[in-house]
Amino acid sequence: DTGVSQDPRHKITKRGQNVTFRCDPISEHNRLYWYRQTLGQGPEFLTYFQNEAQLEKSRLLSDRFSAERPKGSFSTLEIQRTEQGDSAMYLCASTDGNQPQHFGDGTRLSIL
Amino acid sequence: GENVEQHPSTLSVQEGDSAVIKCTYSDSASNYFPWYKQELGKRPQLIIDIRSNVGEKKDQRIAVTLNKTAKHFSLHITETQPEDSAVYFCAAGDSWGKLQFGAGTQVVVTP
Numbered sequence: 001d002t003g004v005s006q007d008p009r010h011k012i013t014k015r016g017q018n019v020t021f022r023c024d025p026i027s028e029h030n031r032l033y034w035y036r037q038t039l040g041q042g043p044e045f046l047t048y049f050q051n052e053a054q055l056e057k058s059r060l061l062s063d064r065f066s067a068e069r070p071k072g073s074f075s076t077l078e079i080q081r082t083e084q085g086d087s088a089m090y091l092c093a094s095t096d097g098n099q100p101q102h103f104g105d106g107t108r109l110s111i112l
Numbered sequence: 001g002e003n004v005e006q007h008p009s010t011l012s013v014q015e016g017d018s019a020v021i022k023c024t025y026s027d028s029a030s031n032y033f034p035w036y037k038q039e040l041g042k043r044p045q046l047i048i049d050i051r052s053n054v055g056e057k058k059d060q061r062i063a064v065t066l067n068k069t070a071k072h073f074s075l076h077i078t079e080t081q082p083e084d085s086a087v088y089f090c091a092a093g094d095s096w097g098k099l100q101f102g103a104g105t106q107v108v109v110t111p
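First to last, the protein sequences are chains Y and R.
Using this note's numbering, you'd call the opening residue of the first sequence number 1 and step up by one each time.
Using this note's numbering, you'd call the opening residue of the second sequence number 1 and step up by one each time.
In case anyone wonders, no lab produced these hints; they're calculated from the structure.
There may be inaccurate statements among the hints.
Here are some chain Y residues pointing at chain R (derived, C-beta under 7 Å) [stated by the list, open to error]: (1) Gly42; (2) Phe45; (3) Pro100.
Fair warning: this is a prediction, and the values are worked out from it, not measured in the lab.
For glycine and all other residues, C-beta sits at the position ideal for the given N, C-alpha and C.
Excised from the complex, chain R in its bound form:
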């Protein structure tokens, strides 16, 4: 199948702490792994992505790691801020760009 599993479903962190979200995928043809942030009532916004030939990518406070052998990838947010509160989705994509999404993680950053 083409399942993407995402954990945890909810994550509450204190401002300034780190947040980690983990995803696993099953389709060996997946070679592209984006992460989207979605605020209530708004469109999903890409925050970072990684391709299968790369193990890690970082953009300021956000980093993503990929273990292709184990078929899992993770999102790391450091020094969390209240504006990081949102639902985060991982996805796994094939060569045609078709994305299979995880169920989402509700992140709440408390001041």
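In isolation and in its complexed conformation, chain Y is listed as follows:
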């Protein structure tokens, strides 16, 4: 399966800790998106990249959040000083601009 892959699948951490998630998009997809999904809600847009350039960040993305895509391939999303409200499923999606977005399985973050 050469779909979007995310790592880890689950992350449990104590409040105040830093966490980092990784997303590997479908090969040759130049656009990569991060979304956050809480229980019973639709995914909420966080940020996206065109190759290595981060083009937009949602106001949902506080300064504790940072995302990178240094070589235009995989991307990382880091959350510093985690809070209870950060508990959610973090989804990554990719596209080549002409195709629909394909989602990964997500990283489920639980803050103790």
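Given the coordinates of chain Y, assemble chain R onto it according to the supplied hints.
This is chain R only, laid out in the frame that chain Y set:
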């Protein structure tokens, strides 16, 4: 704003009946409207999409209609089957592909 509203939040249908989910959007720049199906604990899976230059699209038992003037679009599932039970999300996207999702519809198909 960029709100997408989706109704109903839950939908229970008898197997074989049709299901209809409706969404409205507010951003005039939206030009792409995908629908995703998400089963519990799994990733959202695209089931059908439509672009703003098309009014209707059909794929077997699934169809989507778009009224760009009224800014609403709908998903129609005919001859529902138990495996259609899931949460369905509509979304509206701009030229950069940024998607704004509705809150979802829990569809339950009872045998």
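Hints numbered earlier in the text: which of these fail when held up against the supplied structure? Failing hints: none at all.
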